[in-house]
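Q: Those sequence lines, one after another, are chains X and A. Mapping of the first sequence onto numbering that gives the first Met the number 0: position 4 corresponds to residue 3, and the numbering continues sequentially without gaps. Mapping of the second sequence onto numbering that gives the first Met the number 0: position 130 corresponds to residue 129, and the numbering continues sequentially without gaps.
Certain hints may be false.
Unchecked claim - Chain A regions said to be covered by chain X (calculated; three or more residues, Cβ under 8 Å):
#1 86 to 100
#2 237 to 245
#3 248 to 259
Unchecked claim - In the DSS-like style, the derived pairs of lysine-lysine whose C-alpha atoms are separated by at most 27 Å in a straight line are:
#4 X:Lys88 x A:Lys260
#5 A:Lys260 x X:Lys38
#6 A:Lys198 x A:Lys58
#7 A:Lys252 x X:Lys106
#8 A:Lys219 x A:Lys198
#9 A:Lys260 x X:Lys93
#10 X:Lys38 x A:Lys252
Please keep in mind that the hints were generated in silico from the structure rather than gathered at the bench. Every residue, glycine too, gets a C-beta built ideally from N, C-alpha and C.
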Amino acid sequence: MRKTVRVGALPLMAACGVLLFGTSAVLAHHSFAMFDMSKPVTLQGVVTAFEWTNPHAYIEVDVTDGPGGPRHWSIELGSPSILQRAGWKFSTLKFGDKVSAVVSPLKSGEPGCLLSRVTLADGRVLSNGGAAPATGAPATGAVRQP
Amino acid sequence: MRVCAVVVLAAGLVWAPLSGGASSAAPLPSARAIQQAPSGVPNLMGSWAPSSGRGADAKLAPPPAGPLVLKPEYAKAFEARRAADAEATRRGEPLPSAGMLCSPYGMPRMMAVATYPMEILQTPGQVTIIAEAFSEVRRIYLNRAQEPIDDVPPGYYGHSVGRWEGETLVVDTVGIKESVPGYNSMPHSRQMRITERFKLMAADVLFDEITIQDPVVLEKPVTYTRAYRRLPDYEMVEFVCENNREYVDAEGKVRMRLPGKVGQ
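For reference, chain X alone in the conformation it holds in the complex (with noise of 0.2 Å):
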């Protein structure tokens, strides 16, 4: 007779159900500086593309209602390893889901932008990860990422 090695005999150590990642500002990717963190705007429209990608996610965004009317918007978001951990999955978006999302503007004014939260078809909200910073807050001090 054959017997699967129970290997949950093993110690187990807790899970990670909330991982704290406190750590001081070290740099990354690149900075935000080029968003305007002290203005944020809210963006209503329908996804046309959601980009799980790295350095950055994408949620790309033909927006109905925002500063300077209708018009196309690209909404960076952090890395698919700091996005999972508020969260977020790669099926989370789709085309054709209505968002609304406040986030920092690009200082140039072109119709890009960093996210601060976004607010999905069904109701829940969903943040950019722990490591950007909330919009409003000062850009100096927070914590980058690639």
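Given the structure of chain X, go ahead and fit chain A onto it with the hints provided.
A: Coordinates of chain A only, in the frame set by chain X:
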């Protein structure tokens, strides 16, 4: 009664049952929680995240970094660069960096990139560290003599040898390419030597005390400590820098590429 097991080596040590019992309804336990170091040495196996220590326990907080003192011939340009960087950031026009261009960090900066975890694998004769950000890998060969610096081809990770001194893993690294970003953006020469002392401060807290010597650039060695928290059951995430939209324009400014409408 017979007990069979196969040890499978794939991105870490994973036990896999080999028996008809595989169809049992009993769930397999976490594979990652059973990682074991070679006997006789502290167990560093597993995933770790940069951390400021653990709570209010001062003994588990890393000590403050020592001063970074460059030789005068390097200090002036270094300070000018830092001032220019700060001013550019204040203007909202950050200066380009290697990381922004998706170039890996190399040693020693790969040992703490934002909040990205790293994975430590201990196998006979070797310790391997895999950083999640940019999927950087360094290999530390145990109980070997270090090569002369001038014999090591310049690279991002150099050549690392290590040995256990009691409960501390002491690692010596040489051969870092001069273009690899230095600690706190300090310049460094081919003569740079990095000495690390890895020590478990608690079962779930790891310190890496890093000392950088560079007789060409530094007035004296600089020492700082990175702290990490253990991440039980964490599975490292793929990181391929495939969609970098940041670029440097003709004026040297960092911009965000806007592809226009994409999607179906």
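Q: Checked against the structure, which of the hints given earlier come out wrong?
A: Going through the list in order, the structure violates no hint and respects every one.
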